[in-house]
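Participant: As a plain string of letters, each chain reads:
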Amino acid sequence: MKLALFLSDLRRTEDTYDRLKADKLGVILVENGIYHAVMKEGGKESPVLSKAGATFYALSDDLETRGFTAANVNPKVKLVSYGDIVDLIMNEYEKTAWL
Amino acid sequence: MAELTLGVFPSLVGSMSLDFSFKLAEAALAKGHKVNMWLSGNAVMMAKKGQKAFKDYSHLEKRMKELMSKGMEITVCEACAEARGYHKEDVPEGMKRASMDWYLAKTVKTDRLLHIGGE
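In the order they appear, the protein sequences are chains P and U. Note that the first sequence covers residues 1 to 99 in my numbering. Note that the second sequence covers residues 1 to 119 in my numbering.
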C-alpha cells in the first residue's frame, strides 16, 4: 500500500505513528505538524523524522504562517504547496490517513 | 482528471483543519479534479447561512460559495446538523444534506479519499 500520512499537530502520536506500515510512506506535515520539520529539542531533530523509509513533506504555507523559512527546515523534508499535495494524493499515494 | 472526496470533521472555530480542507479543495479544483466535501461532526457549522465575518475570526462562507460555483459538491451530515439545531432552512444555497450513507458510498467509489479528523 502507498500511504500518504498527514500529521497536523505536535502532540504525541508516536504509538500510532510507530505502528503504521506501508510499502511506500509519505509523511505530510501540515498546520502545527510543520514544527516537526524545524524543531530541535536538545539539539536533536523530531523523532517523527526518524521513521525508516518514509519521505517527508511540509506545507510551505503553514511554515511561513508560523514565521519559518526554508532555511529553518530539516534537509530530510521537502517543502510543498497545496497543489503539490494534490499531486501527491492523486499520483504518488493510493491511500491517505490523518493524525 | 480524478475525483477527490474530503471527509471533513473539524469545527470552523478553534481549528485550523477546516481552513486547510477548503484550501486543498481549491487547489484540487484548480488542477481540474472533481471535489466532493462531506461535512460532519462540528464541521456542520458551515451548514448555517448568514454567518457574520469578523476581522479576526474564521469565516469561510464566501470561499465555500466560490468553490461550489466552480463545481465542488458539499454535503452535510443531516443528523449532525439536526443535533446542533441546524435545520434544512438554515442550509446555504447549493449545499446538500444527506445521511451517513452518502459518505460511505463515496468512500468506496471515489478515486481518492482524505478523512480529516476533528478535535
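It is worth saying that the hints were derived from the structure and are not from the lab. Quantities reported herein were computed from a predicted structural model and do not represent experimental measurements. Cβ coordinates follow ideal geometry from the N, Cα and C atoms, glycine included. Misleading hints may appear alongside valid ones.
[Claimed, not checked] Within a straight-line C-alpha distance of at most 27 Å, the following computed DSSO-like cross-link-like pairs (lysine-lysine) qualify:
hint, chain 1, residue 1, chain 2, residue 2
1, P, K24, U, K106
2, P, K95, U, K109
3, P, K21, U, K106
4, P, K24, U, K23
5, U, K65, U, K106
6, U, K109, U, K52
[Claimed, not checked] Partial pick of chain P residues on the chain U-facing surface, computed with a CB cut under 7 Å:
hint, residue
7, Y35
8, A71
9, V80
10, V86
11, E92
12, T96
13, W98
Participant: Hint by hint, note whether the structure agrees.
Facilitator: Verification of the supplied hints:
{"no.": "1", "hint": "P:K24 to U:K106", "result": "holds, 24 Å"}
{"no.": "2", "hint": "P:K95 to U:K109", "result": "holds, 13 Å"}
{"no.": "3", "hint": "P:K21 to U:K106", "result": "holds, 25 Å"}
{"no.": "4", "hint": "P:K24 to U:K23", "result": "holds, 26 Å"}
{"no.": "5", "hint": "U:K65 to U:K106", "result": "holds, 22 Å"}
{"no.": "6", "hint": "U:K109 to U:K52", "result": "violated, 36 Å"}
{"no.": "7", "hint": "Y35", "result": "violated, 13 Å"}
{"no.": "8", "hint": "A71", "result": "violated, 24 Å"}
{"no.": "9", "hint": "V80", "result": "violated, 11 Å"}
{"no.": "10", "hint": "V86", "result": "holds, 5 Å"}
{"no.": "11", "hint": "E92", "result": "violated, 11 Å"}
{"no.": "12", "hint": "T96", "result": "holds, 5 Å"}
{"no.": "13", "hint": "W98", "result": "holds, 5 Å"}
Checked against the numbered hints above, the structure breaks hints 6, 7, 8, 9 and 11 and satisfies the rest.
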